[in-house]
Amino acid sequence: MEYFIELLLSGLTRGAIYALIALGYTMVYGIIGLINFAHGEIYMIGAFTSFIVATILSIYGFPLLAIIVLAGLAAVIWSASYGYTIEKIAYKPLRKAPRLSALISAIGMSIFLQNYVLLAQTSEFLPFPQLIPDFPFMEPIAHIVGSTDLVILVTTTIAMLILTVVIKYTKIGKAMRATSQDRTMAMLVGINVDRIISVTFIIGSSMAAIGGLLIASHIGQINFSIGFLAGIKAFTAAVLGGIGSVPGAVLGSVVLGLTESFATGYVSSDYEDVFAFSLLVLILIFKPSGLLGKVESQKV
Amino acid sequence: MNGRILEVVGLTMDFGGIRALNNVDLDVKQGEIVALIGPNGAGKTTFFNCITGLYRPTKGDIFLYRQGSSRASLKGMKPNRVTEVGLARTFQNIRLFPQMTVLENVMIGRHCRTSSTIFGALVRNTSTRMEEDSIIESSHRMLVKIGLTQYENEIAKNLPYGAQRRLEIARALATEPELLLLDEPAAGMNPQETSELVNLIQSIAAEGQSILLIEHDMKLVMNLSERIFVMDYGKKIAEGTPEQIRNNPTVIKAYLGEEVDA
Amino acid sequence: MISAGELKKSLVVSLWFAFLTFPIMVVRVDPVESTVLWRWHNMVYVIVGSFFLSIIFRYLLHRRDIQTSRKESGQSNPDQTLIHRWLSNTRSRTIIFVSLLAVALAFPHMPYLSSTYQVNIMTTALMYVVLGLGLNIVVGLAGLLDLGYVAFYAVGAYTYALLNYHFGLGFWVVLPIGGILAALFGIILGFPVLRLRGDYLAIVTLGFGEIIRLVLENWGDFSQGPSGISNISRPGFFGIDLTLDQAIIYIYYLMVLFVVVTIFFVNRLQDSRLGRAWIALREDEIACQAMGIDKMKTKLAAFSLGAFWAGIIGVVFAAKTTFINPASFTFLESAIILSIVVLGGMGSIIGVIFGALVLILLPEYLRALAEYRMLAFGAVLVLMMVFRPQGLIGSIRRVYTYTPTKKGTTS
Numbered sequence: 001m002e003y004f005i006e007l008l009l010s011g012l013t014r015g016a017i018y019a020l021i022a023l024g025y026t027m028v029y030g031i032i033g034l035i036n037f038a039h040g041e042i043y044m045i046g047a048f049t050s051f052i053v054a055t056i057l058s059i060y061g062f063p064l065l066a067i068i069v070l071a072g073l074a075a076v077i078w079s080a081s082y083g084y085t086i087e088k089i090a091y092k093p094l095r096k097a098p099r100l101s102a103l104i105s106a107i108g109m110s111i112f113l114q115n116y117v118l119l120a121q122t123s124e125f126l127p128f129p130q131l132i133p134d135f136p137f138m139e140p141i142a143h144i145v146g147s148t149d150l151v152i153l154v155t156t157t158i159a160m161l162i163l164t165v166v167i168k169y170t171k172i173g174k175a176m177r178a179t180s181q182d183r184t185m186a187m188l189v190g191i192n193v194d195r196i197i198s199v200t201f202i203i204g205s206s207m208a209a210i211g212g213l214l215i216a217s218h219i220g221q222i223n224f225s226i227g228f229l230a231g232i233k234a235f236t237a238a239v240l241g242g243i244g245s246v247p248g249a250v251l252g253s254v255v256l257g258l259t260e261s262f263a264t265g266y267v268s269s270d271y272e273d274v275f276a277f278s279l280l281v282l283i284l285i286f287k288p289s290g291l292l293g294k295v296e297s298q299k300v
Numbered sequence: 001m002n003g004r005i006l007e008v009v010g011l012t013m014d015f016g017g018i019r020a021l022n023n024v025d026l027d028v029k030q031g032e033i034v035a036l037i038g039p040n041g042a043g044k045t046t047f048f049n050c051i052t053g054l055y056r057p058t059k060g061d062i063f064l065y066r067q068g069s070s071r072a073s074l075k076g077m078k079p080n081r082v083t084e085v086g087l088a089r090t091f092q093n094i095r096l097f098p099q100m101t102v103l104e105n106v107m108i109g110r111h112c113r114t115s116s117t118i119f120g121a122l123v124r125n126t127s128t129r130m131e132e133d134s135i136i137e138s139s140h141r142m143l144v145k146i147g148l149t150q151y152e153n154e155i156a157k158n159l160p161y162g163a164q165r166r167l168e169i170a171r172a173l174a175t176e177p178e179l180l181l182l183d184e185p186a187a188g189m190n191p192q193e194t195s196e197l198v199n200l201i202q203s204i205a206a207e208g209q210s211i212l213l214i215e216h217d218m219k220l221v222m223n224l225s226e227r228i229f230v231m232d233y234g235k236k237i238a239e240g241t242p243e244q245i246r247n248n249p250t251v252i253k254a255y256l257g258e259e260v261d262a
Numbered sequence: 001m002i003s004a005g006e007l008k009k010s011l012v013v014s015l016w017f018a019f020l021t022f023p024i025m026v027v028r029v030d031p032v033e034s035t036v037l038w039r040w041h042n043m044v045y046v047i048v049g050s051f052f053l054s055i056i057f058r059y060l061l062h063r064r065d066i067q068t069s070r071k072e073s074g075q076s077n078p079d080q081t082l083i084h085r086w087l088s089n090t091r092s093r094t095i096i097f098v099s100l101l102a103v104a105l106a107f108p109h110m111p112y113l114s115s116t117y118q119v120n121i122m123t124t125a126l127m128y129v130v131l132g133l134g135l136n137i138v139v140g141l142a143g144l145l146d147l148g149y150v151a152f153y154a155v156g157a158y159t160y161a162l163l164n165y166h167f168g169l170g171f172w173v174v175l176p177i178g179g180i181l182a183a184l185f186g187i188i189l190g191f192p193v194l195r196l197r198g199d200y201l202a203i204v205t206l207g208f209g210e211i212i213r214l215v216l217e218n219w220g221d222f223s224q225g226p227s228g229i230s231n232i233s234r235p236g237f238f239g240i241d242l243t244l245d246q247a248i249i250y251i252y253y254l255m256v257l258f259v260v261v262t263i264f265f266v267n268r269l270q271d272s273r274l275g276r277a278w279i280a281l282r283e284d285e286i287a288c289q290a291m292g293i294d295k296m297k298t299k300l301a302a303f304s305l306g307a308f309w310a311g312i313i314g315v316v317f318a319a320k321t322t323f324i325n326p327a328s329f330t331f332l333e334s335a336i337i338l339s340i341v342v343l344g345g346m347g348s349i350i351g352v353i354f355g356a357l358v359l360i361l362l363p364e365y366l367r368a369l370a371e372y373r374m375l376a377f378g379a380v381l382v383l384m385m386v387f388r389p390q391g392l393i394g395s396i397r398r399v400y401t402y403t404p405t406k407k408g409t410t411s
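Residue numbers (this note's numbering), protein chains in the order written: chain U, 1 to 300; chain V, 1 to 262; chain L, 1 to 411.
Please keep in mind that the hints were generated in silico from the structure rather than gathered at the bench. As the structure is a computational prediction, the values presented were derived from the model and not from experiment. Glycine included, each C-beta is placed from N, C-alpha and C at the ideal position. Treat each hint with caution, since some may be false.
[Unchecked claim] FRET-style restraints, in silico, Cβ to Cβ:
1. 244/V x 92/U: 55 to 61 Å
2. 130/V x 225/L: 53 to 59 Å
3. 197/L x 162/U: 30 to 36 Å
4. 367/L x 267/U: 45 to 51 Å
5. 169/U x 197/L: 31 to 37 Å
6. 114/V x 369/L: 45 to 51 Å
7. 160/V x 404/L: 23 to 29 Å
8. 158/V x 168/U: 44 to 50 Å
9. 18/V x 127/U: 55 to 61 Å
10. 92/U x 134/V: 45 to 51 Å
11. 369/L x 92/U: 25 to 31 Å
12. 66/V x 262/U: 54 to 60 Å
13. 16/L x 187/U: 22 to 28 Å
14. 162/U x 118/L: 55 to 61 Å
[To be verified] Under the rule of at most 25 Å between Cα atoms (straight-line distance), these lysine-lysine pairs were calculated in the PhoX-like manner:
15. 75/V x 235/V
16. 235/V x 219/V
17. 9/L x 92/U
18. 78/V x 287/U
19. 92/U x 174/U
20. 295/L x 287/U
21. 75/V x 295/L
22. 88/U x 9/L
23. 253/V x 219/V
24. 174/U x 96/U
25. 75/V x 297/L
26. 157/V x 96/U
27. 92/U x 8/L
28. 88/U x 8/L
29. 297/L x 78/V
30. 297/L x 287/U
31. 78/V x 295/L
32. 75/V x 29/V
33. 235/V x 253/V
34. 88/U x 171/U
35. 59/V x 75/V
36. 295/L x 157/V
Please construct the entire structure, taking both the sequences and the accompanying hints into account.
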């Protein structure tokens with residue numbers, strides 16, 4: 001039973017991280033119909049930025065809380081800036097181009113960013129400083145759920161709540177929903193669509209940055225290539241939940257996290273990534289609209 | 001002569017909870033021009049999509065009577081099979097192959113009437129070469145017939161609007177259909193182009209081609225068609241000769257609204 | 001002329017990039033030694049570089065937009081470059097082809113220029129030419145974005161490696177088996193996935209590619225896992241034992257032959273009833289079906305024919321390197337082949353050949369650039385899509401014309 005709970009909680013933690021990344025995919029897809037293949041790299045850059053800032057600050061002896069806050073802030077600021085810039089360079093000029101052109105451009109951007117970090121930093125795995133201390137109050141259950149897991153779950157929940165409020169109740173959120181339903185119409189009623197798209201990339205990238213920080217401190221090491229797998233898995237989660245749907249992304253992420261956790265816990269850990277990829281393939285083949293997505297009908 | 005060529009029985013199509021087509025019956029006789037009219041959203045294009053296999057109807061059936069063979073049910077057939085069996089269509093929003101030339105567009109229409117294989121393509125044996133030549137030749141003849149030879153080697157998307165519509169018809173005819181379906185062929189055309197189109201359709205029909213068309217332009221419909229079916233809200237509300245339809249109060253009401261009575 | 005406003009814009013961009021790249025480019029921390037390295041010179045490079053690049057980028061974007069608007073209004077026929085005029089003429093095309101072939105055949109015997117090392121690199125480049133031409137059928141002609149193309153390459157390579165390892169089967173026996181097995185895989189994979197829409201198809205094929213690699217990595221009993229299979233036999237030459245140098249030259253000539261055969265086949269496929277159907281399918285799927293073309297069958301043909309070439313080259317790859325492991329079949333390999341097709345021109349045979357030679361040979365000969373190879377591949381994909389989606393040498397397919405005197409020949 002204890003093992004079950006352990007797997008359950010670790011699955012939830014995984015799910016929470018996936019959700020932070022999956023949101024970026026789903027929001028961008030909802031607005032411009034593009035699979036932002038470079039989104040995983042945004043997350044990787046977030047992890048790298050927080051790693052760099054946290055290491056510098058700890059060398060200069062800053063207190064732990066300050067390090068966490070500043071590293072997180074830096075990750076969000078830079079990831080958002082990258083997201084914004086990528087959209088301007090690689091996607092915006094292709095708004096009128098066929099869907100596949102933008103996808104190929106996104107794949108190119110992803111490869112570019114990976115190698116950019118590889119060349120400017122290193123190809124080796126870097127030890128990520130432990131930012132989240134072991135809370136004393138967690139002691140009794142520490143063998144089942146770690147403090148990091150708790151922080152991840154709480155942070156993700158807060159981030160989701162904020163995002164939901166933003167999308168549902170703010171003016172920019174309404175404009176985002178309008179743009180995703182009908183871009184031309186949104187333009188006609190005076191919404192600055194370019195700005196909305198930029199904002200979408202910024203929000204999605206910020207979420208990914210938080211995910212990058214959290215997972216890096218959870219796993220304890222980072223590398224230029226972590227974005228690819230995390231990106232694919234988060235995309236799987238987004239499709240599983242129904243791409244374009246924000247609650248769907250969260251649901252899909254949790255389902256994927258739990259599936260992976262139980263599958264590796266009870267079946268075999270060798271095939272951990274195979275589970276995710278198989279789920280992706282099966283979902284796309286049999287239920288491409290996902291759990292909560294709308295069925296897209298073809299217009300003739 | 002003048003046997004039925006198409007028979008649609010009780011066609012019903014539901015999208016989720018919405019009934020887009022409700023128990024529609026329709027038939028076309030050999031060599032006849034039949035029109036399907038109705039206000040926007042009446043379900044005309046849905047009707048076309050159902051009989052050409054793009055949608056699978058919820059209920060009802062579609063039968064095609066081919067010369068010299070028994071009737072075939074089109075229900076559940078894939079769109080390409082429907083075309084093979086003998087029903088070719090045009091689209092409301094023109095769907096040409098924009099980067100291909102006019103001749104090549106028509107050549108694609110010959111695809112389902114030819115049969116060379118990968119092997120033939122690689123070896124390029126005599127029969128394959130002869131087939132290729134015959135495809136080019138018959139496509140060219142089709143362009144002569146439709147009057148598009150002046151554009152023959154132009155890229156399709158560069159054609160004037162009216163010519164694009166005519167090219168769609170040429171391409172559909174190249175599949176040698178038993179019945180030609182035209183989805184709003186005159187949409188967006190100027191009066192000059194429309195009258196040319198009427199001539200074209202009449203000349204095609206004069207060769208014995210059966211035609212079913214959807215149209216908004218009442219003048220065109222009244223001029224061309226021998227029989228008219230009227231739809232509204234997914235239901236057939238009237239059928240008859242142009243004369244009968246012109247004077248049918250239900251049709252007038254559907255088109256002009258209730259306030260006419262008041 | 002570049003206006004002051006433009007310069008100001010570029011200045012803003014360069015400052016923005018200085019900020020953007022600051023943590024990654026300038027700072028380098030060592031968490032173990034607790035040291036920080038500040039590489040300020042990198043920031044200078046970024047500022048200067050992005051200043052000029054942004055001017056070029058905006059200039060090209062501007063030019064592109066003018067061109068598209070001109071094209072839309074029907075003026076100017078696109079892409080009548082010198083290369084196009086050469087290549088649309090049958091005679092000059094033959095001359096070019098024959099002289100290229102002569103160079104290719106003479107290459108291993110050129111003094112000073114060639115060495116075993118050079119021949120090896122050329123062989124690799126030619127392998128990518130065939131891989132590019134194969135993927136070109138799928139992506140370029142039929143318009144299906146296949147991101148897992150490397151899986152078929154792996155099927156070919158492992159077919160040879162395993163059959164050779166277990167049963168001692170030779171290269172020539174396995175060559176067709178590898179190709180056919182890969183094509184079969186293409187059909188099996190294609191059946192469920194080919195009804196998916198473009199971008200989903202891309203992701204599913206990517207998923208399949210990764211699954212195959214992961215299985216090869218983890219199913220040790222079958223594939224010997226990450227350590228791979230070694231001591232694979234080189235191709236036989238009528239039972240004569242070749243020295244290593246001879247074998248390398250032999251494989252090179254084999255690849256020249258394969259390239260010629262592939263060009264011949266792909267060219268014929270493209271100019272056939274099936275080839276027309278592929279292009280039509282790429283242009284408008286629904287209209288294509290309405291013309292009586294079986295969407296599934298046509299796509300499957302493209303998919304399996306593309307896979308066939310990958311399988312063939314997989315066999316050659318295993319025979320050439322005599323060692324394979326799953327690390328050779330990552331997504332990046334698919335991305336490289338895709339870059340070749342995109343750079344050269346989707347649907348363009350000559351373009352793909354050109355793309356393969358440029359992308360594979362350039363990093364080899366400009367050693368200084370070798371490090372930046374993948375960076376460049378990524379940039380190529382983005383820049384080509386933005387500025388020249390038709391590729392460097394856009395597709396020059398046969399245009400069918402009707403000639404009344406001599407019926408049905410081409411111009």
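- Message: Please list, smallest to largest, the hint numbers that this structure does not respect.
- Response: As far as the earlier hints go, not one is violated by this structure.
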